[in-house]
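K.L.:
The residues making up each chain are set out below.
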Amino acid sequence: MTILQDALWYKDAVIYQVHVRTFYDSNGDGIGDFRGLAQKLDYLQDLGINAIWLMPFFPSPLRDDGYDIADYRSVHPSYGDLEDFKVFLDAAHQRGIRVIIEMVLNHTSDQHPWFQQSRSTRDNPKRDWYVWSDSDTRYRGTRIIFVDTELSNWAWDPVSKQYYWHRFFSHQPDLNYDNPAVRAEMWDIMKFWLEMGVDAFRLDAVPYLVEREGTNCENLPETHEVIRELRAKVDQQFPGRMLLAEANQWPADLRPYFGNGDEFHMAFHFPLMPRMFMGLKLEDRKPITEILQQTPSIPDNCQWCLFLRNHDELTLEMVTDMERDYMYDEYAREKTMRLNLGIRRRLAPLLDNDRRRIELMNGMLMSLPGTPIIYYGDEIGMGDNVNLGDRNGVRTPMQWDGGWNGGFSLADPEALYSPLMLNPVYGFQAVNVQSQKRFDHSLLSWMKRLIKTRKSMPVFGRGSIEFLYPANHRVLAYVRQLGRDIILVVNNLSSSAQAVELDLKRYKGNILIEMFGRNIFPRIGDLPYLLTMGPYQFYWFRLRRI
Amino acid sequence: MAEESILTDDFLRELMNVGEVDILVGVPTFNDARTVGQVVQAIRAGLLKYFPRQRAVIINADGGSKDETQELVRAASISDLQHGSNLPALRTLHCISTRYSGPPQGGNALHTIFAAGDLLRASACAVVAADSTSIEPEWLDRLLRPVTRDNFDLITPLYRRHKFDGLLVRNLVYPMSRAIYARQIREPYASEFAFSGRLNTHFLSAESPQYGESGNEFNLLVAAISGGFRIAQAFLGDKTRLDQPPSDLVQAMRQTVAPLFGSLERNFPYWSNDGQPQPIPAIGPVPELNLEPLRINRKRLFQMFTHGVSELRPVFEVILSPTTYAELQRAAAKSEDQFSFKDELWVRTVYEFAASHHKEVINRDHIIQALAPLYRGRAYTFLVENRDASSEQVEENVEGLCRTFERLKPYLLDMWERK
Amino acid sequence: MREIIISELTQAMHEIARSFARFLPRLAVMLVIVIVGWVIAYSLRAALRSILRLLRFDRLSEHAGATELLQKAALPSSSELLSRFVFWVAWLGFILVGISFLGIVGVQEHISGFFGFLPRLFAAMFLFFFGLMASSFFSRAALLAAVNADLPSPRLISSTIRVLIVILVASMTFEELGLAEHTVLVAFAIVFGALMLGLALAFGLGGRDLARRFLERRFVHAEKDEREDELSPL
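Protein chains in written order, with numbering that gives the first Met the number 0: chain A, 0 to 545; chain B, 0 to 418; chain C, 0 to 233.
It is possible that part of the hints are untrue.
Unchecked claim - So the derived label-pair ranges between C-beta atoms look like this: (1) I512(A) with N150(B): 49 to 57 Å; (2) R52(B) with G388(A): 46 to 54 Å; (3) R354(A) with R52(B): 21 to 29 Å; (4) N150(B) with L529(A): 49 to 57 Å; (5) E67(B) with T136(A): 57 to 65 Å; (6) D336(B) with F213(C): 28 to 36 Å; (7) F213(C) with D387(B): 36 to 44 Å; (8) E70(B) with P295(A): 26 to 34 Å; (9) R12(B) with I143(A): 29 to 37 Å; (10) E215(C) with A332(B): 26 to 34 Å; (11) F121(C) with D525(A): 54 to 62 Å.
No lab work stands behind these hints, which were simulated from the structure alone. Backbone N, C-alpha and C fix where the C-beta goes; we use that ideal spot for every residue, glycine too.
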């Protein structure tokens with residue numbers, strides 16, 4: 000099976016986010032690697048996903064989980080080498096799975112040779128590759144992102160006796176994009192990977208590329224210029240490849256990153272995600288509909304990326320103070336769960352391991368307009384370990400079976416890069432792929448059916464969305480449409496049974512066909528359409544006129 | 000025979016869409032478009048500020064307004080349908096309005112609100128009058144927080160009133176209900192109050208279907224007292240109403256004195272026992288009286304009193320005992336500056352009226368109407384005696400009257416039994 | 000010839016005796032009916048008396064003001080009166096039935112006429128009684144309303160209303176009884192019309208000033224009062 004050449008493949012994609020380190024260890028050193036990942040491609044193909052997003056795997060001191068890069072053209076030795084990567088890439092393509100890798104443009108590790116050179120003396124040729132300053136008062140007013148660890152965006156370098164600029168950790172100095180040499184080199188690196196066959200890049204931390212005095216140093220026009228340049232080159236030399244933006248901004252501020260269809264192909268819809276959780280707790284669809292009402296329309300060849308959880312904390316930057324307090328109180332009672340204006344928990348623990356809620360959230364993920372991303376392990380309902388530092392609680396080893404190390408590695412348990420989950424509820428003996436594969440009613444089997452249904456119709460990825468506003472505020476209902484295909488999605492956000500009347504006059508005469516069981520429901524007539532729903536239940540209906 | 004429900008089908012459907020709530024605020028209206036907009040906005044602001052996370056609903060029970068009362072209420076709802084609304088609200092806030100079946104009476108409106116509160120399982124309910132233009136968002140907090148947080152079942156209000164405002168309450172309704180039911184509740188007939196879901200359920204299950212009567216709030220109070228529920232009084236603020244003609248005295252008496260007399264009959268076993276008056280906790284500052292000077296036509300009050308005493312002789316002869324009526328005649332014969340309607344005479348008069356009301360010597364409504372001129376005489380005396388009085392002195396006088404009511408309670412019991 | 004006269008006389012005597020003999024049993028039956036009727040009427044009266052006491056009929060008639068009237072006329076209480084009335088009507092009915100049984104021609108019609116009259120009699124009594132109640136209720140209501148609205152001469156208004164209603168009720172009763180219907184009707188119309196005309200004239204001409212002052216007091220005076228009398232009793 001080969002990759003279909005479709006310029007808009009990312010609109011139909013179902014993406015699986017995984018860190019190679021966490022997935023499968025083939026050489027018994029306690030750390031997952033590419034050979035192991037390649038071995039598990041069958042599982043992923045079976046699950047139904049058709050794109051993998053790999054977390055950073057370049058050489059790195061790993062002080063920020065690989066986002067501090069020390070070499071852009073290689074693979075961290077723990078995960079294998081470039082050859083292993085190529086083998087994995089080909090194997091993925093053979094199974095019809097595309098590969099998206101991380102490209103951290105904004106900064107490097109302070110261990111990167113470039114920085115080592117840059118800081119050595121003031122007149123080093125690479126001096127200007129980073130942003131240096133005599134005082135730490137420039138660009139005042141720029142917010143600090145890692146508020147729990149950093150006190151300033153400037154760090155003092157004792158070697159060259161100047162301050163250098165870093166929007167993230169102090170060991171991640173920002174590259175200077177005003178320098179054309181930097182831009183040329185970064186393109187060269189991207190070309191390197193594109194020629195190897197990588198299908199897309201997730202460009203990390205793009206809002207912060209360029210700094211200017213008197214601004215908040217985010218989303219500046221110069222930054223957009225850099226991106227337009229990159230995109231033009233990609234389109235010219237590697238058509239069909241995709242650029243995905245990681246920019247944690249309000250939807251209105253995100254819109255410029257799509258440009259006129261000449262910047263990013265996709266961007267994460269960050270503000271939607273916490274509101275889905277909020278709507279679930281409030282049992283009120285208002286937070287969800289309001290954020291989507293405020294979401295601007297994007298060019299036809301662009302797409303939003305939706306997700307429930309990821310490797311980072313569930314960020315609450317893009318909510319009001321009142322909403323943040325509410326989320327903290329409802330979802331993160333213990334202070335240890337809170338980090339950097341967010342909540343560091345996995346999907347299942349956030350939802351109290353409630354199967355119905357997990358299904359509902361996944362159902363919304365798969366039916367709202369955008370490309371869905373599944374975080375590894377959430378398809379079997381893995382738990383988290385809040386006692387691990389930073390965000391590592393959600394990055395524990397993948398649980399394959401109930402045996403040695405959960406089937407992740409043959410090494411000693413103490414040698415694993417991270418401890419396994421052991422408690423009776425989320426431990427690897429309770430939650431693992433092997434046992435879930437055996438049963439039709441397991442979460443894994445259900446996810447497979449969900450993904451299959453989603454992929455069966457392009458309307459989910461490419462169609463329009465129109466909200467219905469039934470008087471019962473606990474029900475979120477919307478219609479997806481693409482050409483003649485019309486899908487009605489109804490979600491009950493409440494923990495109790497609900498009755499809802501939908502105004503479907505526009506679709507009068509259509510028969511509703513429930514998409515999972517394929518049973519027919521009454522035809523739409525003149526009266527409002529009455530549906531009764533169980534707790535957290537959702538329906539996908541196909542409208543058919545015969 | 001199937002009982003006709005006070006809830007229409009449409010309203011029931013709207014309730015279904017609201018679902019279970021934590022807080023319900025009811026606003027009875029009838030042609031209140033002038034003031035209801037402001038009141039509902041204040042309620043909404045109070046809910047958003049003090050109870051942002053609770054599920055709440057504002058329910059308007061309307062008697063058939065011909066103006067835009069109902070539209071004004073509905074416009075205050077917060078939902079995702081109003082694109083671009085900038086209110087910082089976590090949740091949807093439904094504001095629904097219904098026209099209850101039956102004539103526009105306070106009793107019907109209240110019954111609608113009670114029923115809605117029961118169906119929606121609201122743990123705290125409040126009722127706010129549609130013409131309370133002095134309402135502040137804080138009132139919601141003061142009324143509802145004792146119910147939601149401190150487990151009180153009924154919160155009656157305390158207002159900062161003018162010295163001469165609410166004379167009927169101060170001279171009759173308050174002292175008598177305090178003596179009868181042994182609770183010092185200053186505003187037994189309140190237009191703003193709050194109650195718990197527990198009390199609501201208890202009240203609805205016990206109440207006989209006579210909801211058309213006014214005075215349901217008083218019946219609720221009596222139910223709370225006799226049921227042993229926790230009651231408190233919360234200070235709200237000024238009690239002012241929009242400039243409008245003063246409510247007809249007879250109508251006011253029908254709304255307050257008639258339910259009071261009526262409740263005596265229903266609750267006889269409860270109040271016929273001796274009870275020591277229990278103080279009711281007051282939340283918030285104790286209100287001072289507003290001592291602004293006010294021009295009042297006292298002369299007319301006196302005239303209507305004397306006029307009534309003589310003209311209504313055939314009626315009084317049936318209602319009052321001969322001695323009491325003779326005393327009244329003697330008092331009425333005095334000149335204006337010598338006239339004084341003493342506490343003791345007033346209390347005995349009222350008690351005899353209550354007993355006659357119970358025995359239904361003539362039509363009960365006529366009994367209430369007959370009391371009006373006598374009350375005017377009493378009001379005259381009150382105005383004269385307190386013309387230059389300070390807050391404390393007025394309080395003392397009212398306290399004195401209360402004690403007289405308490406002291407003469409056996410007299411009422413005696414009259415009650417007598418044929 | 001003497002034998003013929005004697006035989007005719009004897010025959011005639013025999014006839015009289017025979018018809019007398021035929022008459023006697025009927026008389027006996029009639030007497031039995033009358034006695035039985037008395038017993039029934041008596042028990043009816045007793046029963047009615049207890050029923051009326053249960054229904055507290057006396058109280059009702061007090062409300063109607065009927066008791067007052069009866070006392071003034073030195074008659075017994077209304078329930079007693081009613082019971083006795085029923086007794087007499089019932090017994091009279093039985094007597095009439097008995098008489099009809101005697102077979103005296105011509106009496107039948109009148110007797111059935113009597114029984115036809117009874118329902119109307121009761122209807123009229125009913126009407127009169129409740130009419131009295133209404134008059135007392137409305138006159139009192141008017142009195143109270145007038146006093147509370149500070150109208151002049153409330154007692155006059157109250158009595159006027161009572162008298163008007165009583166006259167109306169009396170006319171209706173007579174009409175129901177069928178006694179001099181037209182006369183009463185016309186008389187009533189004349190009285191009522193004259194009263195109305197008189198009032199109109201009074202207001203329009205002679206009572207101009209009074210009317211003006213009255214209206215002023217109703218509307219203008221009330222305003223002044225409102226401003227000063229701003230207290231709400233609640």
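K.L.:
Given a hinted range of 28 to 36 Å, is it respected by the beta-carbon distance of D336(B) and F213(C)?
P.N.:
holds, 30 Å
K.L.:
For the hint 36 to 44 Å, verify it against the beta carbon of F213(C) and that of D387(B).
P.N.:
holds, 37 Å
K.L.:
Are E70(B) and P295(A) spaced within 26 to 34 Å by their CB atoms?
P.N.:
holds, 33 Å
K.L.:
Does the Cβ distance between R12(B) and I143(A) fall inside 29 to 37 Å?
P.N.:
Taking Cβ atoms as reference, R12(B) and I143(A) lie about 52 Å apart, which means the hint is violated.
K.L.:
Given the hint of 49 to 57 Å, check if I512(A) and N150(B) actually sit that far apart at their C-beta atoms.
P.N.:
The hint (49 to 57 Å, Cβ to Cβ) holds, given that I512(A) and N150(B) are roughly 51 Å apart.
K.L.:
If you check the beta carbons of N150(B) and L529(A), does the distance land in 49 to 57 Å?
P.N.:
violated, 39 Å
K.L.:
For the hint 46 to 54 Å, verify it against the beta carbon of R52(B) and that of G388(A).
P.N.:
With a Cβ separation near 32 Å, R52(B) and G388(A) fall outside 46 to 54 Å, so the hint is violated.
K.L.:
Could you tell me whether the CB distance from R354(A) to R52(B) stays inside 21 to 29 Å?
P.N.:
The hint (21 to 29 Å, Cβ to Cβ) holds, given that R354(A) and R52(B) are roughly 26 Å apart.
K.L.:
For the pair E215(C) and A332(B), does the Cβ-Cβ distance stay inside 26 to 34 Å?
P.N.:
holds, 29 Å
K.L.:
Taking the CB of E67(B) and the CB of T136(A), does the distance hold inside 57 to 65 Å?
P.N.:
The hinted range 57 to 65 Å holds for E67(B) and T136(A), with Cβ atoms some 59 Å apart.
K.L.:
With 54 to 62 Å as the target window, see if F121(C) and D525(A) comply at their CB atoms.
P.N.:
holds, 60 Å
Going through the hint list in order, the structure does not satisfy hints 2, 4 and 9.
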